[in-house]
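If you read the protein sequences in the order shown, they are chains D and A. Residues 1 to 326 in this note's numbering are what the first sequence spells out, letter by letter. Residues 1 to 326 in this note's numbering are what the second sequence spells out, letter by letter.
Misleading hints may appear alongside valid ones.
Identical copies go unnamed one by one, so any copy, or any two together, can satisfy a pair.
[As the list claims (entries may be wrong)] Here are the simulated lysine-lysine pairs, DSSO-like style, with alpha carbons at most 30 Å apart:
no.	residue 1	residue 2
1	Lys118	Lys305
2	Lys305	Lys320
3	Lys243	Lys117
4	Lys117	Lys247
What the hints contain is simulated information worked out from the structure, not anything from laboratory work.
Number of protein chains: 2
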Amino acid sequence: MLSKTAETGLALPTYDDVLDAHRRIEPHIHRTPVLTSTMINELTGAELFFKCENFQKAGAFKVRGASNAVFGLDEETAARGVATHSSGNHALSLSYAAGRRGIPCTVVMPHTAPQAKKDAVRGYGGRIVECEPSTSSREAVFAEVVAETGAEFVHPYNDPRVIAGQGTCSKELVEDVPGLDAVVAPIGGGGMVSGTCLTLSTIAPDIAIYAAEPEQADDAARSFRAGYIIADDAPETVADGLKVPLKEYTWHFVSRYVSDIQTVSEQEIVDAMKLIWKRMKIVMEPSSAVPLAAILRNPSVYRGKRVGVIITGGNVDLDKLPWMQG
Amino acid sequence: MLSKTAETGLALPTYDDVLDAHRRIEPHIHRTPVLTSTMINELTGAELFFKCENFQKAGAFKVRGASNAVFGLDEETAARGVATHSSGNHALSLSYAAGRRGIPCTVVMPHTAPQAKKDAVRGYGGRIVECEPSTSSREAVFAEVVAETGAEFVHPYNDPRVIAGQGTCSKELVEDVPGLDAVVAPIGGGGMVSGTCLTLSTIAPDIAIYAAEPEQADDAARSFRAGYIIADDAPETVADGLKVPLKEYTWHFVSRYVSDIQTVSEQEIVDAMKLIWKRMKIVMEPSSAVPLAAILRNPSVYRGKRVGVIITGGNVDLDKLPWMQG
C-alpha cells in the first residue's frame, strides 16, 4: 500500500510495494546475473559485485518500473493505454511492457532523437508522436496525446509505481550477494537510487548507499549539499541517461538515505567504461560506468569493502562510442 | 592415454585425455555461462545456445588447451618453462597458465604485433622475444629460444594436449544444454573444432558438428572438399584468429567428424558481430561471430534445431572495431 506522509503529501511507496512489484513483474523481466572481475578487484582493492541490468529485457533496469506500472493498472485504465515522454530507456521499457500486456503505448519524443531509439520503440510496438526539442513543445504535444487517448501517464522516475519497481533490483542483489557493505548506483532523475533506498533502508539498513554522477551534470550532488532540489537546464555529458533532475518523489529518498553523491569527470567515465568492456567483456552504456569511475576516484571509501555496483543498462550506439573520433 | 594410430603415426588424444584435462584445469579456468537471445532465435528460427568463452580466463577458450599442457608437465620439464610463437590468444593463454604454475613462458612475436597484445602477454608475466614478421625469422628466433632455455614448445593447436584441453568446452556445453542437434564453431587451425570432435564423437555422436570459416580464409573448407590439407600463405580477414592453416592433428579430427564447413563473407561476419553486441550485450571478437553468420546464411540447415554456438573469445581492440572508419 502507498502511505501518504503528513510532511510532504506524497503517496510514497513502501517495501510491501516492492514485494508486490516483484511478484507482478517477475514473468516479464530477467533475474539478471551478478558478475565479478578479479582484475578490477585488484585495481580497486575492493570486492565488487556488478548487477548486470544491461542484460535486462529492453536492455535496462527501467523495464522493472515500467512493467510494474503497466501490469498494476486495472483493466479499464489499461485499455486506454499508457504514455510518456522520453527519448531514452524508459521509452523502450514502457513500450516493451505495454506490448507484453497488449495495450497501446504512446511516446512523445523530439524529432531530433536518434533514429535507432525511434526504431527500438517501434520495434517493441510503441507509437511515437514527435515534438520540437523544447520543453514547451513537449508538454503541449504530450497534453494533446493524453487528451485524445486518455492514456495513463507513466513518468520515467517521479512515480511511486516506478520507484517500487526499481527497488526489485537491489532486492535481487542482496538476495544473491550476502554481506554487502555498500551499493553504488548512478544518479540522474533518481529512480534507481530511490528504489535502492526504499529496499535497503527496509531490509538491509547497514548497507551504505552511494550515488555517482557526472561532474558536468552534478545537479543531484549540488541538491544533496544544498538540501533542496536544484535542476540544471541542459547539462551535457557522455552519460546521457543522467541529464535529468531530481523530482519530489526521488528527492524524498535521496535526501534521506544516501550517504554521499560522488562526482566524476567525463574522461573518468569513458576510462571506466572501456575498462569494463575490455576486462568484463560486457556492453554497457556510459551512465553505467559512472559508479566504477566513482569507486576508482574514491579508493579510501571502498577499499576492503564488499560493494554492489548497478550496471544500469546496455543500450549504446555502437557506431558512436565515446572513444571514437568525430 | 594417447593412442598412436597405425594409419598416421600420430599420438592422438582420447576422450580419457579430455576427462583428465578437465580435472587438471578446472581450478584455473571458468565454467563459462551459456547465454540465449529470444530475438536472435526468432531471427534464425533455431534455438541457439551461446557458450561464452569470451568470459573465459585470458579472454578466450585457448586457456583450456594451454593450461592442460602447462599443468600436465612433470616438474623437471616445467622448471625449464614453456614457449610458443603466436601473436594471438594462445600467447596470452600460455602466459596466464605458466604464471599460475609459476614457470617461465617465452613468446616469439613479430615486432609489428599490436602493442596491446604485447602488453597483455607481459601483464600475465610472459616474456616476449621479437622477430621479423616472416616465417623464416620466426622459426630461427624460436629455435634460438628453445636452444637457450630448453623450454617446452606448446603449439597453438597442433598438439594433442591442446586439443584435449579444448575438448573440455563442448563437454561443459552438453552437460549444461541437453538435447542439442548441432554445434557450430569457427575454424582456423582447427584446435577448438578438433576438441569438439573428440568429445562429441565419444559422448554425443548424434550431434552434428559444423565448422564456420571466412570466405577470405577458406583453406579449411577447400581442404575438407579436396581431402587433403591446403594451406594459404597470408589470408586477409577481419576474423584475425582464423588465418592459420590446419595441421596433421587437427586434420585428423576435422576430416573425420565434421559434417560441413560453411563459409561467410567479411560483411556477414561484421553484421553478425554487431548483432551479438547489440542484442546480447557481450563483447566478443570477429572470429566468434563467424558461426552466427553461417547460421544466418544457411537457415535451412539449422531451422527448428537446438544449436550450440561457440563464442571463442572476447579479446578485441576497442579502438579498432571493424565497423569504425579508417
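Hints, one by one, checked against the model:
When the C-alpha separation of Lys118 and Lys305 is checked against a cutoff of 30 Å, the pair qualifies neither within a copy, at 41 Å, nor between copies, at 33 Å. For a Cα distance limit of 30 Å, the shortest separation of Lys305 from Lys320 qualifies neither inside one copy, at 35 Å, nor across copies, at 36 Å. For the homomeric pair Lys243 and Lys117, the shortest alpha-carbon distance inside one copy (17 Å) is at most 30 Å, but the shortest distance between copies (37 Å) is not. With identical chains, the CA atoms of Lys117 and Lys247 are at most 30 Å apart within one copy only, with a shortest distance of 25 Å there and 48 Å across copies.
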